[in-house]
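Chemist: Based on these hints, arrange chain B on the given structure of chain A.
Protein chains: 2
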Amino acid sequence: MNEPLAPDAQQGLIRLRGDVSYDGKEFSGWGLQPGRRTVQGVIEETLSTVLRQERVAIQCAGRTDAGVHARGQVIHFDLPIEAMLEMDDLLFKINSLLPEDVAIRKFQITSSDFDARFAALSRSYVYSIYQGERDPLLRDWAYRSWIPLDLTAMHEASQDLLGLHDFAAFCRKREGSTTIRTLTRFDWHETDDGIFQADLSADAFCYSMVRALVGAVISIGEGKRDKEWLVSYLEGKTREPAVFAAPAHGLVFQSVEYPPESEFVERISQTLRMRPPHGTH
Amino acid sequence: MNEPLAPDAQQGLIRLRGDVSYDGKEFSGWGLQPGRRTVQGVIEETLSTVLRQERVAIQCAGRTDAGVHARGQVIHFDLPIEAMLEMDDLLFKINSLLPEDVAIRKFQITSSDFDARFAALSRSYVYSIYQGERDPLLRDWAYRSWIPLDLTAMHEASQDLLGLHDFAAFCRKREGSTTIRTLTRFDWHETDDGIFQADLSADAFCYSMVRALVGAVISIGEGKRDKEWLVSYLEGKTREPAVFAAPAHGLVFQSVEYPPESEFVERISQTLRMRPPHGTH
Numbered sequence: 001m002n003e004p005l006a007p008d009a010q011q012g013l014i015r016l017r018g019d020v021s022y023d024g025k026e027f028s029g030w031g032l033q034p035g036r037r038t039v040q041g042v043i044e045e046t047l048s049t050v051l052r053q054e055r056v057a058i059q060c061a062g063r064t065d066a067g068v069h070a071r072g073q074v075i076h077f078d079l080p081i082e083a084m085l086e087m088d089d090l091l092f093k094i095n096s097l098l099p100e101d102v103a104i105r106k107f108q109i110t111s112s113d114f115d116a117r118f119a120a121l122s123r124s125y126v127y128s129i130y131q132g133e134r135d136p137l138l139r140d141w142a143y144r145s146w147i148p149l150d151l152t153a154m155h156e157a158s159q160d161l162l163g164l165h166d167f168a169a170f171c172r173k174r175e176g177s178t179t180i181r182t183l184t185r186f187d188w189h190e191t192d193d194g195i196f197q198a199d200l201s202a203d204a205f206c207y208s209m210v211r212a213l214v215g216a217v218i219s220i221g222e223g224k225r226d227k228e229w230l231v232s233y234l235e236g237k238t239r240e241p242a243v244f245a246a247p248a249h250g251l252v253f254q255s256v257e258y259p260p261e262s263e264f265v266e267r268i269s270q271t272l273r274m275r276p277p278h279g280t281h
Numbered sequence: 001m002n003e004p005l006a007p008d009a010q011q012g013l014i015r016l017r018g019d020v021s022y023d024g025k026e027f028s029g030w031g032l033q034p035g036r037r038t039v040q041g042v043i044e045e046t047l048s049t050v051l052r053q054e055r056v057a058i059q060c061a062g063r064t065d066a067g068v069h070a071r072g073q074v075i076h077f078d079l080p081i082e083a084m085l086e087m088d089d090l091l092f093k094i095n096s097l098l099p100e101d102v103a104i105r106k107f108q109i110t111s112s113d114f115d116a117r118f119a120a121l122s123r124s125y126v127y128s129i130y131q132g133e134r135d136p137l138l139r140d141w142a143y144r145s146w147i148p149l150d151l152t153a154m155h156e157a158s159q160d161l162l163g164l165h166d167f168a169a170f171c172r173k174r175e176g177s178t179t180i181r182t183l184t185r186f187d188w189h190e191t192d193d194g195i196f197q198a199d200l201s202a203d204a205f206c207y208s209m210v211r212a213l214v215g216a217v218i219s220i221g222e223g224k225r226d227k228e229w230l231v232s233y234l235e236g237k238t239r240e241p242a243v244f245a246a247p248a249h250g251l252v253f254q255s256v257e258y259p260p261e262s263e264f265v266e267r268i269s270q271t272l273r274m275r276p277p278h279g280t281h
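Each protein sequence line maps, in turn, to chains A and B. Here the first sequence stands for residues 1 to 281, where the numbers follow my numbering. Here the second sequence stands for residues 1 to 281, where the numbers follow my numbering.
Quick caveat, the hints were computed from the structure, so don't treat them as lab data. By construction, the Cβ of each residue, glycine as well, lies at the ideal position given by its N, Cα and C atoms. Some hints here could point you the wrong way.
Simulated crosslink set (DMTMM-like; lysine to aspartate or glutamate; CA at most 20 Å straight-line) [unchecked claim]:
#1 B:25 - A:235
#2 B:106 - A:135
#3 B:227 - B:150
#4 B:25 - A:140
#5 B:25 - A:135
#6 A:25 - B:101
#7 B:106 - A:133
#8 A:173 - A:235
#9 B:93 - B:54
#10 B:106 - B:78
#11 A:25 - A:100
Now the in silico label distances, taken between C-beta atoms and shown as ranges [said to hold, decoys possible]:
#12 B:187 - A:81: 47 to 55 Å
#13 B:52 - A:189: 44 to 52 Å
#14 A:96 - B:83: 48 to 56 Å
#15 B:270 - A:242: 39 to 47 Å
#16 B:150 - A:13: 37 to 45 Å
#17 B:184 - A:144: 31 to 39 Å
#18 B:35 - A:236: 57 to 65 Å
#19 B:82 - A:226: 44 to 52 Å
#20 B:224 - A:226: 56 to 64 Å
#21 B:228 - A:148: 50 to 58 Å
Facing chain B, according to a computed beta carbon distance under 7 Å, are these residues of chain A, among others [claimed, not checked]:
#22 23
#23 26
#24 133
Extracted from the complex, chain A is given alone in its bound form (with noise of 0.2 Å):
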């Protein structure tokens, strides 16, 4: 082993934290459905062979829904001491298992007080459209706008829905769990190979939430709304059906911020009272 071990190592269990990437394309998702290929499954599936153990279970920072990729999704999981391999050993042996669609680009020892779903501090996705003839190599990266774009109105509306709202017009509900989160970031950008990019970060997302904000705000881009309804329909906090998800190719889910480890304790405590662990995240 190279790093000390966690102070929980004593106790026989030693908690690790991965960074994870994966191209959501051939996924049913994140989160395990029999008979489907999920990340989840293959990667506790792959964990539980190198480490030989019955099954490794992981817990993510957010689930993904089919067809999301990921650049910085972050799991955790336990392992009995006697398991453990060295660090290095254990990032090639999972990786030349993984298929190649799914890889762990990092790893290491974490506290036992590290939580990748209730510790962290807010969540970060990246959407991408094209406008313009079908594009062979944006395919599977991008949504492609049949209609022109006004970047700067979506971008512009886009700034209404930051701060703390009730986002359940833009969420499906779910029995006792709160739509109720903190939207930080919302910005639009042309790329310089002329693609449209919105930055979203938030405490965290409701089930599916990216994707009816980046939808509603598309419809303000085609000229079809206003940015006056986009506020409208936040306030009457009621999924409509007419409002389009934007698809699930376009979306990346970029990365995941955690505050230092002497405040895991603190943050997990305060996301709990905020968003029962029945929630989605």
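Modeler: Positioned in the frame of chain A, the structure of chain B alone reads:
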């Protein structure tokens, strides 16, 4: 027809220029090969179907190897006037029938003096490299280097290759064809995402020349060779199998530059003097 016909239309034929984009992953390169799926084969078949011709033979600006991608390949072909459709219809019908890994981005009627290959002033390619752990989101678009690369050393060494040279050391020799080319750009930079990219331009490239140039410079980035070696290798004019050709999947054929229409004929005769048609392009 929305545009005036080019002069030769009176003789019953019309020349079209198409700008083509493809994901090279599932193609055995550009050129027709019996029993193989090639970009030329797929496009010619689709054009023949849409235009109800027995065969529509297309010419391209630069034949690409198996696995190489294109964002700005250019083609031309001739059609009997009576087979011609409205341009918008043509684009829509072709792209509806083409598989999703290839598309015509643009069509235009051009002078019958235009030649996608011989009228070209220059071709530009982009090569992408990433370092660190395997990345599922880059696996089809960038070469992964296991060894940390020195970007500055790569950029500096590349500058020594600029200008008019006999690039025989970087070309597969073909009977009766010249390996003399003018390399006008070979710049390296790092993108915001940490990808190392080379931008290369030349009047034309020999078969596999871009990948051989990039491969040689990578060995300098790895610290295995130095810029003095590169110059002497160029001057040796002999291809050595030990000099690695960078893998095809990191390469994108980016664009082709043409003179204004009034100079097509002059440019074509100039090209034919320098590089007779049995040479590669």
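Chemist: Indicate, hint by hint, whether the structure satisfies it.
Modeler: Structure-based check of each hint:
no. : hint                      : verdict
1   : B:25 - A:235              : 47 Å, violated
2   : B:106 - A:135             : 11 Å, holds
3   : B:227 - B:150             : 12 Å, holds
4   : B:25 - A:140              : 13 Å, holds
5   : B:25 - A:135              : 15 Å, holds
6   : A:25 - B:101              : 15 Å, holds
7   : B:106 - A:133             : 8 Å, holds
8   : A:173 - A:235             : 16 Å, holds
9   : B:93 - B:54               : 17 Å, holds
10  : B:106 - B:78              : 16 Å, holds
11  : A:25 - A:100              : 12 Å, holds
12  : B:187 - A:81: 47 to 55 Å  : 51 Å, holds
13  : B:52 - A:189: 44 to 52 Å  : 45 Å, holds
14  : A:96 - B:83: 48 to 56 Å   : 54 Å, holds
15  : B:270 - A:242: 39 to 47 Å : 60 Å, violated
16  : B:150 - A:13: 37 to 45 Å  : 42 Å, holds
17  : B:184 - A:144: 31 to 39 Å : 33 Å, holds
18  : B:35 - A:236: 57 to 65 Å  : 60 Å, holds
19  : B:82 - A:226: 44 to 52 Å  : 48 Å, holds
20  : B:224 - A:226: 56 to 64 Å : 59 Å, holds
21  : B:228 - A:148: 50 to 58 Å : 53 Å, holds
22  : 23                        : 4 Å, holds
23  : 26                        : 10 Å, violated
24  : 133                       : 5 Å, holds
This entry does not satisfy hints 1, 15, 23, going by the numbered hints stated previously.
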